[in-house]
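*Asks:* Residue numbers (the working numbering), protein chains in the order written: chain A, 1 to 595; chain B, 1 to 150; chain C, 1 to 216; chain D, 1 to 179.
Please note that the accuracy of each hint is not assured.
Calculated cross-link-like contacts (lysine-lysine; reagent style DSSO-like; alpha-carbon spacing at most 27 Å) [to be verified]:
{"#": "1", "chain 1": "D", "residue 1": "Lys170", "chain 2": "A", "residue 2": "Lys72"}
{"#": "2", "chain 1": "A", "residue 1": "Lys273", "chain 2": "A", "residue 2": "Lys323"}
{"#": "3", "chain 1": "A", "residue 1": "Lys353", "chain 2": "A", "residue 2": "Lys266"}
{"#": "4", "chain 1": "D", "residue 1": "Lys2", "chain 2": "A", "residue 2": "Lys68"}
For each label pair, taking beta carbons as the anchor points, the in silico distance ranges come out as [as the list claims (entries may be wrong)]:
{"#": "5", "chain 1": "D", "residue 1": "Thr144", "chain 2": "C", "residue 2": "Asp208", "range": "17 to 23 Å"}
{"#": "6", "chain 1": "A", "residue 1": "Asp354", "chain 2": "B", "residue 2": "Arg41", "range": "23 to 29 Å"}
{"#": "7", "chain 1": "A", "residue 1": "Glu355", "chain 2": "B", "residue 2": "Glu29", "range": "37 to 43 Å"}
{"#": "8", "chain 1": "C", "residue 1": "Glu44", "chain 2": "A", "residue 2": "Ile23", "range": "46 to 52 Å"}
{"#": "9", "chain 1": "D", "residue 1": "Glu43", "chain 2": "C", "residue 2": "Arg112", "range": "37 to 43 Å"}
{"#": "10", "chain 1": "C", "residue 1": "Asp196", "chain 2": "D", "residue 2": "Glu130", "range": "19 to 25 Å"}
{"#": "11", "chain 1": "C", "residue 1": "Lys203", "chain 2": "D", "residue 2": "His52", "range": "33 to 39 Å"}
{"#": "12", "chain 1": "A", "residue 1": "Leu473", "chain 2": "B", "residue 2": "Glu29", "range": "55 to 61 Å"}
{"#": "13", "chain 1": "D", "residue 1": "Lys159", "chain 2": "A", "residue 2": "Pro484", "range": "19 to 25 Å"}
{"#": "14", "chain 1": "B", "residue 1": "Ser63", "chain 2": "A", "residue 2": "Leu473", "range": "26 to 32 Å"}
{"#": "15", "chain 1": "D", "residue 1": "His52", "chain 2": "C", "residue 2": "Asp208", "range": "26 to 32 Å"}
{"#": "16", "chain 1": "A", "residue 1": "Gln8", "chain 2": "C", "residue 2": "Pro121", "range": "49 to 55 Å"}
{"#": "17", "chain 1": "A", "residue 1": "Glu405", "chain 2": "B", "residue 2": "Lys121", "range": "43 to 49 Å"}
{"#": "18", "chain 1": "B", "residue 1": "Glu29", "chain 2": "A", "residue 2": "Lys266", "range": "17 to 23 Å"}
Computed from the model, here is a short list of chain D residues facing chain C with C-beta under 10 Å [claimed, not checked]:
{"#": "19", "residue": "Leu50"}
{"#": "20", "residue": "Val125"}
{"#": "21", "residue": "Val145"}
{"#": "22", "residue": "Pro153"}
Source of the hints: derived by calculation from the structure; they are not laboratory data.
Since we're looking at a predicted model, the values are computed, not measured.
Positions of the beta carbon are idealized from the N, C-alpha and C atoms, including for glycine.
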Amino acid sequence: MSLKHVLQPFNAWVQAFSKPYTIPMKDTMRPGADRYRGWHINDVEKCVGCGTCADICQNAAIDMVPVKDPVKGDSGLRPKIDYGRCCWCALCVDVCTTGSLGMSNEYTWVEKDPEKCRYTPGVDAKPWDGSEKGWRQEEGFSLIVKDRVPMPMLDPKERIKTWAEVVVGYSVEEARKEAARCVSCGLCVAACPAHMHIPDYIGAIRDGDFEKALDFIYDNNPMPEMCGKVCTRRCEGVCSVGIQGEPLAIRWLKRFATEQFEDFAKVLHPEVKRVGEGKKVAVVGGGPSGVTVAYYLAVRGFEVTIYEALPQLGGATFFGIPKYRFPMPSLEKQVDLLKKAGVKIVTDHRVEKDEFRRLLEENDALFFGTGLMKPYKLGVPGEDLEGVIYALDLLRDHHVGKKVEVGESVVVVGGGNVAIDASRVSRRLGAEVTIAYRRRREDMPADDEEIEDAEAEGIELVTQSIPLRVEKLENGKLDFIWGPAEMVPPDRPGGRPKPKLIEGVENHLQVDRVIVAIGQKGEFEWMPEEVAEKVVTSRGWVEVDETGMTQWPGIFAGGDLVNSTADAISAIADGLKAVEGIQQFTLEGLSVSKS
Amino acid sequence: MEFNSIQEVLDFAVRQEQKAGRFYGLMAEKSTDVVARKFFREMVGEERKHEAKLKAIKSGKLSGFSGQGTPQMNLTEVLGEPVFREDITLQEGLIIAMRAEKDAYEMYEGLKAFARDEELKKILEGLAAEELEHKARMESIYDQVVQREN
Amino acid sequence: MDDKIVKPEPPLGGPPQGSRPHAPVGDGCFLGEEMKPQAPSYKEALARIKNWFRANSLWVMAYGTGCGAIELRPLATARFDMERLGIAMRPTPRQSNVLIVSGYLAVKSLKRVIRSYEQMPSPKWIVALGSCTINGGMYWDSYNTINRLDLYLPVDVYINGCMPRPEALVAGFQELMRRIKKGEADGWRHYMENLDWYKENQKKIITDWDLPEYNW
Amino acid sequence: MKEILKEIEERFGPIWERVQRPKLAQVGIEPAKAVPLLTWLKEHRGYVTLVHLSAVDWIEQGEFQLTWLLGNPETEERLMICSRIDRENPAAETVSGLWPQAVTYEQEINEMFGVSFPGSPRQGVPFILEGWKDIPPMRRDFDTVAFVEKHIPGREGRKHIDTRTYIGEKFGEKGYLHD
Numbered sequence: 001m002s003l004k005h006v007l008q009p010f011n012a013w014v015q016a017f018s019k020p021y022t023i024p025m026k027d028t029m030r031p032g033a034d035r036y037r038g039w040h041i042n043d044v045e046k047c048v049g050c051g052t053c054a055d056i057c058q059n060a061a062i063d064m065v066p067v068k069d070p071v072k073g074d075s076g077l078r079p080k081i082d083y084g085r086c087c088w089c090a091l092c093v094d095v096c097t098t099g100s101l102g103m104s105n106e107y108t109w110v111e112k113d114p115e116k117c118r119y120t121p122g123v124d125a126k127p128w129d130g131s132e133k134g135w136r137q138e139e140g141f142s143l144i145v146k147d148r149v150p151m152p153m154l155d156p157k158e159r160i161k162t163w164a165e166v167v168v169g170y171s172v173e174e175a176r177k178e179a180a181r182c183v184s185c186g187l188c189v190a191a192c193p194a195h196m197h198i199p200d201y202i203g204a205i206r207d208g209d210f211e212k213a214l215d216f217i218y219d220n221n222p223m224p225e226m227c228g229k230v231c232t233r234r235c236e237g238v239c240s241v242g243i244q245g246e247p248l249a250i251r252w253l254k255r256f257a258t259e260q261f262e263d264f265a266k267v268l269h270p271e272v273k274r275v276g277e278g279k280k281v282a283v284v285g286g287g288p289s290g291v292t293v294a295y296y297l298a299v300r301g302f303e304v305t306i307y308e309a310l311p312q313l314g315g316a317t318f319f320g321i322p323k324y325r326f327p328m329p330s331l332e333k334q335v336d337l338l339k340k341a342g343v344k345i346v347t348d349h350r351v352e353k354d355e356f357r358r359l360l361e362e363n364d365a366l367f368f369g370t371g372l373m374k375p376y377k378l379g380v381p382g383e384d385l386e387g388v389i390y391a392l393d394l395l396r397d398h399h400v401g402k403k404v405e406v407g408e409s410v411v412v413v414g415g416g417n418v419a420i421d422a423s424r425v426s427r428r429l430g431a432e433v434t435i436a437y438r439r440r441r442e443d444m445p446a447d448d449e450e451i452e453d454a455e456a457e458g459i460e461l462v463t464q465s466i467p468l469r470v471e472k473l474e475n476g477k478l479d480f481i482w483g484p485a486e487m488v489p490p491d492r493p494g495g496r497p498k499p500k501l502i503e504g505v506e507n508h509l510q511v512d513r514v515i516v517a518i519g520q521k522g523e524f525e526w527m528p529e530e531v532a533e534k535v536v537t538s539r540g541w542v543e544v545d546e547t548g549m550t551q552w553p554g555i556f557a558g559g560d561l562v563n564s565t566a567d568a569i570s571a572i573a574d575g576l577k578a579v580e581g582i583q584q585f586t587l588e589g590l591s592v593s594k595s
Numbered sequence: 001m002e003f004n005s006i007q008e009v010l011d012f013a014v015r016q017e018q019k020a021g022r023f024y025g026l027m028a029e030k031s032t033d034v035v036a037r038k039f040f041r042e043m044v045g046e047e048r049k050h051e052a053k054l055k056a057i058k059s060g061k062l063s064g065f066s067g068q069g070t071p072q073m074n075l076t077e078v079l080g081e082p083v084f085r086e087d088i089t090l091q092e093g094l095i096i097a098m099r100a101e102k103d104a105y106e107m108y109e110g111l112k113a114f115a116r117d118e119e120l121k122k123i124l125e126g127l128a129a130e131e132l133e134h135k136a137r138m139e140s141i142y143d144q145v146v147q148r149e150n
Numbered sequence: 001m002d003d004k005i006v007k008p009e010p011p012l013g014g015p016p017q018g019s020r021p022h023a024p025v026g027d028g029c030f031l032g033e034e035m036k037p038q039a040p041s042y043k044e045a046l047a048r049i050k051n052w053f054r055a056n057s058l059w060v061m062a063y064g065t066g067c068g069a070i071e072l073r074p075l076a077t078a079r080f081d082m083e084r085l086g087i088a089m090r091p092t093p094r095q096s097n098v099l100i101v102s103g104y105l106a107v108k109s110l111k112r113v114i115r116s117y118e119q120m121p122s123p124k125w126i127v128a129l130g131s132c133t134i135n136g137g138m139y140w141d142s143y144n145t146i147n148r149l150d151l152y153l154p155v156d157v158y159i160n161g162c163m164p165r166p167e168a169l170v171a172g173f174q175e176l177m178r179r180i181k182k183g184e185a186d187g188w189r190h191y192m193e194n195l196d197w198y199k200e201n202q203k204k205i206i207t208d209w210d211l212p213e214y215n216w
Numbered sequence: 001m002k003e004i005l006k007e008i009e010e011r012f013g014p015i016w017e018r019v020q021r022p023k024l025a026q027v028g029i030e031p032a033k034a035v036p037l038l039t040w041l042k043e044h045r046g047y048v049t050l051v052h053l054s055a056v057d058w059i060e061q062g063e064f065q066l067t068w069l070l071g072n073p074e075t076e077e078r079l080m081i082c083s084r085i086d087r088e089n090p091a092a093e094t095v096s097g098l099w100p101q102a103v104t105y106e107q108e109i110n111e112m113f114g115v116s117f118p119g120s121p122r123q124g125v126p127f128i129l130e131g132w133k134d135i136p137p138m139r140r141d142f143d144t145v146a147f148v149e150k151h152i153p154g155r156e157g158r159k160h161i162d163t164r165t166y167i168g169e170k171f172g173e174k175g176y177l178h179d
């Protein structure tokens with residue numbers, strides 16, 4: 001061993017002064033790529049808490065935790081991510097129904113306490129909140145199927161010649177394909193007034209078990225075929241799939257499930273409970289709310305009789321909804337089940353004051369859902385002229401089989417579903433139809449789809465028009481005079497903008513008929529004075545408590561008279577409420593506190 | 001009519017409200033329709049509230065009028081002029097009430113022209129605005145109840 | 001096997017409470033030393049100097065338990081060059097003072113990891129990489145991997161990610177160094193003081209227990 | 001591949017066969033004839049490599065399927081010999097005499113599926129699992145999640161709320177036909 005061997009290792013010190021081969025420390029720490037999958041971010045305002053991210057996560061890394069009170073269209077839950085599970089596969093981001101969930105390009109997180117590796121993005125503040133870069137749902141790509149299976153429909157030119165149903169209905173394949181789009185979040189359950197078990201029956205349809213689907217459907221809706229055809233479907237309005245794509249065709253799927261069976265009684269197997277045996281309940285008015293009360297009380301063993309003034313049950317769904325939307329056989333199928341459930345049905349029978357008193361005495365409880373059967377008038381001069389008719393009368397006469405004349409041209413005043421129905425019926429009766437509506441098109445309470453269908457059938461829409469008066473012309477026609485309106489903001493939050501008449505302008509429209517469909521009211525002439533005095537409000541509707549009971553103990557009410565939305569599903573929801581209330585009242589004798 | 005002080009104007013306004021109240025009371029008694037009857041009774045209560053408000057202003061408990069600025073819909077101008085019948089409906093009742101508020105508004109507007117005192121003018125203006133507000137509220141109710149468009 | 005896990009006393013990870021009165025920061029690192037109740041200030045200064053040296057010579061045991069081992073390789077390359085931070089790979093436990101648990105840990109590996117850890121001279125630290133060490137990660141429902149490491153071994157630093165990138169690893173080492181310098185990284189001491197608790201948990205999951213009983 | 005399949009049928013009786021790719025075929029044969037077939041293939045037909053030995057649990061049929069994947073390095077053809085054995089007391093003949101590497105495969109299958117290969121040297125010696133007391137984990141009736149929940153503690157304090165159920169409860173979803 002020489003000196004060289006001893007010194008050689010120290011030669012390495014020479015390198016201390018040469019340029020290093022390694023990359024300087026400051027350059028080694030690179031930011032994540034623009035589409036790096038780093039820590040999650042969430043736009044909590046956009047997020048609706050559907051929980052699809054939690055469902056898809058293969059590592060069970062996502063918990064849905066409550067962060068605010070649930071409202072319709074928002075479960076109030078938000079995803080909390082456990083980074084002791086996450087593997088940054090980003091399936092949660094790709095499946096996100098709202099596109100609110102994303103990933104920042106931050107990827108460094110050193111932690112002493114492992115319990116802290118869990119946070120709710122967007123709720124718990126993190127340095128990477130609001131990150132511009134990172135993984136996002138790709139434009140046009142989603143794990144959610146955004147497009148609805150199209151519903152086959154009759155051609156508009158063909159359908160105005162006939163009364164055949166416009167909507168053809170899904171085939172089995174189409175229905176199952178559509179049902180498979182559902183993410184089962186249940187936001188629809190909150191939006192549905194009756195809180196139907198929507199994800200469950202859609203799931204059953206997807207699995208091809210239509211009996212099970214019908215069972216879920218009938219669990220809290222005794223007129224599902226009607227709802228499957230004409231429901232206002234608030235469920236679809238909040239559908240989480242519909243936020244970025246088209247909402248699930250919930251209504252058409254329900255329709256599909258009900259159309260699979262000719263006789264519901266053969267498929268449904270309700271657990272008949274004899275809880276209400278020996279108790280009698282009278283139902284005045286055979287509309288959706290009355291039918292609901294009757295059916296569910298009957299399966300619980302109550303003795304129920306329905307009194308209906310018209311020749312068929314169904315209320316507004318019978319006399320109001322045209323048959324090209326809701327054919328008679330569909331209605332009869334549902335009434336048939338009611339009969340098989342043991343409900344006594346008295347049609348063509350109008351209950352009057354004395355009988356009402358007698359019913360009140362003979363029964364343990366009484367439910368009325370007589371609906372809004374009388375039209376409000378236009379309130380303008382000339383409305384008593386011959387040729388000014390009411391949409392409700394037109395529809396009723398048409399459905400009970402009377403001959404209806406509408407002439408060559410009509411103007412329909414109003415913008416609700418009744419107005420649209422009256423116009424489409426008039427169109428099928430051969431008239432040129434104009435709808436005169438006070439507000440803008442987007443303010444119309446009628447279904448958007450209905451308006452589109454009406455326009456496709458050649459019905460003209462004149463918006464922001466306020467009727468001024470009606471005059472008789474020498475040629476026998478009517479002169480419908482209207483003035484334009486401007487929109488002013490609503491006086492209460494959540495209200496609709498209001499039309500304000502621009503004075504001094506008059507427009508003329510020559511028509512054979514003016515059909516009024518501005519609104520309907522309930523009538524109480526049949527009701528004994530003392531009862532009416534107690535239950536009716538100064539606005540012409542009936543107030544009930546949370547059990548559906550009116551101010552008069554033992555009298556329950558529901559339907560259009562009670563709720564503000566005046567649609568069939570709300571009426572069914574009222575009925576369900578009353579079912580509980582009546583059961584409590586008759587069996588437990590609970591008198592609900594009046595406040 | 002000539003007013004010499006604010007007190008006089010307010011007294012007059014109180015009398016007007018009382019008159020209206022009596023009018024609605026009478027209609028409530030006479031009408032057979034249960035809804036209309038209830039509505040008129042509610043209106044009696046409304047007029048009492050207005051009366052109380054005016055009295056509060058008079059005694060200095062309230063400093064002035066405060067309209068909520070409900071937007072006008074000019075419905076009153078379009079609708080016909082129903083007269084009172086025994087079987088009057090809520091719709092007609094509402095129109096009558098709308099018209100009554102409008103008449104009151106026009107009366108105060110007219111009186112304003114004769115007022116010489118600035119203070120008086122101001123109080124009359126306030127009263128007119130108040131009545132206009134009532135009218136708009138009636139129109140709003142009409143809009144929500146009658147023209148529900150379902 | 002019992003369903004319930006015994007809760008650690010004192011809380012996991014944090015410095016043990018009560019059992020070590022007035023111990024000098026970062027001292028008492030070799031086997032069998034008695035903890036002195038008094039701490040003269042020169043000892044504290046000495047401890048600080050010792051800690052500074054320790055922080056700058058992290059000798060990592062080259063033992064990859066899971067996917068994260070692949071992320072360790074780049075640390076030795078020219079871009080990250082961990083040797084400039086004083087981090088070096090060592091082939092045996094007796095030469096190293098940092099154990100990296102790089103991801104999932106099968107029960108079978110756990111036994112080997114425990115054995116290696118116990119052979120390492122104190123002070124020693126454990127760096128845990130990735131989700132798997134925190135709560136099971138994507139192997140959360142696997143029959144033969146553990147879900148949380150802190151039940152069996154004292155972890156000083158967790159580096160989050162699946163897997164963490166080398167940059168995150170560097171950040172993790174820097175954090176470990178910072179903690180060592182401040183005298184906070186004392187998982188090894190926690191392990192010593194709560195040995196019974198750790199052994200109980202280890203024996204629950206390792207059913208064929210044949211590890212030697214160390215005496216310290 | 002067709003020729004060799006035909007030859008197997010002639011020599012070993014009825015088989016189930018499928019040609020998956022030009023150089024890969026599957027042969028199903030009764031267990032008793034599996035090892036003679038394997039031997040013959042190795043000795044006389046050039047299938048000298050045991051590429052793999054695996055098992056599949058056909059729980060519905062009550063059978064385990066063993067698959068020996070053989071390779072012929074000269075022709076680059078591969079042959080999968082499949083054989084179904086009973087799921088109750090499963091046992092199969094060892095091929096460790098033909099291929100020494102089969103010992104490891106057989107040990108693993110023995111551990112993971114509980115199939116025994118009498119005569120194979122390391123049967124019953126722990127391989128991956130040490131101190132395993134439950135049923136073999138690759139059997140399909142072994143519930144992994146339940147096992148993990150029982151024996152492998154995870155981090156506590158997590159609570160997932162199912163949106164669907166939560167909404168139903170919050171908004172008073174009820175059923176009227178069934179309870």
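*Asks:* Against this structure, judge whether each hint is valid.
*Replies:* For each hint, the structure was consulted:
Note on D/Lys170 and A/Lys72: the hinted pairing holds, with a Cα-Cα distance of about 11 Å set against a maximum of 27 Å. Our distance criterion of 27 Å between C-alpha atoms is broken by A/Lys273 and A/Lys323, whose separation comes to about 36 Å. A distance of roughly 40 Å separates the Cα atoms of A/Lys353 and A/Lys266; the hinted pair therefore is violated under the 27 Å criterion. At roughly 68 Å between alpha-carbon atoms, D/Lys2 and A/Lys68 are farther apart than 27 Å, so this suggested pair is violated.
Range check, D/Thr144 to C/Asp208: about 21 Å between beta-carbon atoms, so the 17 to 23 Å window is met. At roughly 27 Å, the beta-carbon separation of A/Asp354 and B/Arg41 lies within the given 23 to 29 Å, and the hint holds. The beta-carbon spacing between A/Glu355 and B/Glu29, approximately 29 Å, falls outside the hinted interval of 37 to 43 Å. Checked against the given bound of 46 to 52 Å, the beta carbons of C/Glu44 and A/Ile23, roughly 38 Å apart, lie outside it.
For the pair D/Glu43 and C/Arg112, the beta carbons lie near 42 Å from each other, so the given range of 37 to 43 Å is met. At about 23 Å, the beta-carbon gap between C/Asp196 and D/Glu130 stays in the expected band of 19 to 25 Å. For the pair C/Lys203 and D/His52, the beta carbons lie near 37 Å from each other, so the given range of 33 to 39 Å is met. Between A/Leu473 and B/Glu29, the C-beta spacing of about 43 Å breaks the proposed range 55 to 61 Å.
Take D/Lys159 and A/Pro484: their Cβ atoms lie about 58 Å apart, and the range 19 to 25 Å is violated. Here the CB-CB span from B/Ser63 to A/Leu473 is close to 57 Å, at odds with the stated 26 to 32 Å. For the hinted restraint 26 to 32 Å between D/His52 and C/Asp208, the CB-CB distance of approximately 29 Å keeps it satisfied. At roughly 31 Å, the beta carbons of A/Gln8 and C/Pro121 sit outside the given window of 49 to 55 Å.
Checking the proposed 43 to 49 Å range against A/Glu405 and B/Lys121 shows it is violated: the Cβ atoms sit about 59 Å from each other. The supplied range of 17 to 23 Å is broken by B/Glu29 and A/Lys266, whose beta-carbon atoms lie about 59 Å from each other. A distance limit of 10 Å between C-beta atoms decides the matter here; for D/Leu50 the minimum to chain C is near 26 Å, and the interface restraint is violated. Contact between D/Val125 and chain C, as hinted, is not supported at the beta carbon level, the nearest pair being about 12 Å apart and thus beyond 10 Å.
The interface hint given for D/Val145 holds, since its Cβ lies 5 Å from the closest Cβ of chain C, which is under the 10 Å cut-off. Hint on D/Pro153 holds. Least Cβ distance to chain C is approximately 5 Å, under the 10 Å limit.
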